[in-house]
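Novice: Sequence:
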Amino acid sequence: MGMQAVFDGHNDVLLRLWQHARGGADPVVEFLEGTDKGHIDAGRAKAGGLSGGLCAIYVPSGDLVLKTPDENGHYATPMAAPLDHLPSLATAMELADIAIKLDRAGAWRLCRSVGEIRAAMAVEVFAAVLHMEGCEAIGPDLAALETFHAAGLRSLGPVWSRHNVFGHGVPFAYPMSPDTGPGLTEAGFELVRACNRLGILIDLAHITEQGFWDVAKTTDQPLVASHSNAHALTPVARNLTDRQLDAIRESRGLVGLNYATTMLRPDGQENASTLLSDMVRHVDYLVERLGVDCVALGSDFDGATIPEEIADAAGNQKLVAALMDAGYGDAELAKICRENWLRVLGQAWHEPA
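This note's numbering numbers the first residue of the sequence shown as 3 and each following residue consecutively.
Derived from the structure by calculation, the hints contain no laboratory data. Keep in mind the model is a prediction, meaning the values are calculated, not measured. For glycine and all other residues, C-beta sits at the position ideal for the given N, C-alpha and C. Among these hints, one or two may not hold up.
Unchecked claim - Label pairs and their calculated CB-CB ranges:
{"#": "1", "residue 1": "E311", "residue 2": "D86", "range": "34 to 42 Å"}
{"#": "2", "residue 1": "P142", "residue 2": "A336", "range": "20 to 28 Å"}
{"#": "3", "residue 1": "E35", "residue 2": "D248", "range": "40 to 48 Å"}
{"#": "4", "residue 1": "E290", "residue 2": "D222", "range": "25 to 33 Å"}
{"#": "5", "residue 1": "A124", "residue 2": "D332", "range": "31 to 39 Å"}
{"#": "6", "residue 1": "D222", "residue 2": "D248", "range": "39 to 47 Å"}
{"#": "7", "residue 1": "S279", "residue 2": "H22", "range": "28 to 36 Å"}
{"#": "8", "residue 1": "A152", "residue 2": "L88", "range": "26 to 34 Å"}
{"#": "9", "residue 1": "A145", "residue 2": "G293", "range": "37 to 45 Å"}
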């Protein structure tokens, strides 16, 4: 088998480039010429078959410090404080500006349709799709939504793991149910309806279980959790219960496997010594519960501690090889690596099948 081209459902490369740019680095040079920092640049992406993905505009929470596990290995990090709209908008604009600069420089191609993604992949240019992780920058009146959409925003998660005017997020906690509080606010329901009208994918990766059901009863899209795993195997609040997985299957949506070790390991710990077999175990469980048409990848590159065997984007094919060793054939791997994402994106973006 040759390399499987991967379209990945979640990364934080824009956050890393923005942080380094604040220290004086040139984000275009860093992406094009490569770096030993983080997980993704053009060279490492190409080496690992990472052909594109959903690139997050994420406004960081400065007060979030992951809680050290107690003697039982349990932890519950307090929720990050809510963010104000205008400073969030300013940061989000700076991240979007980096995405546009990369596009103009030919470092990657900002894609607004599945056809554009396939065209970029065909010429081996990284196919970037703008995603917003937590919508503090949009504001309760949704005034910025059309502007971000015009700039290329095609996917968003109403909340990150903090509360905002649209809804409630789940904490980083083990062991814990995702049913940790209320769901969408009235503004959140309006945001979902606006995304349905515009053709912006709604991502359920950080929302409470109640928020998940609120989106499910409101949206006309397939249900998508871009970077989440199975709660039955790793009971962190960020992972999905069997009931949630069943709803995703019924909507013909998808779950993108998160490479974060805290969401893969049975003990929920942040430990880079996590084995590839833990990743395969989650894929197996998701495929068994959802069917192979509803399972994809959502690495969280540049946003999490990932297994050291993968290390960065250049190691992506090691997971593909492990899945092949576990019995997945070329056609199944093509679905998991890219085709399931492209199907669901096309549906959310109102493209003809």
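Novice: Tell me, which hint numbers fail for this structure?
Specialist: 2, 5, 6 and 8
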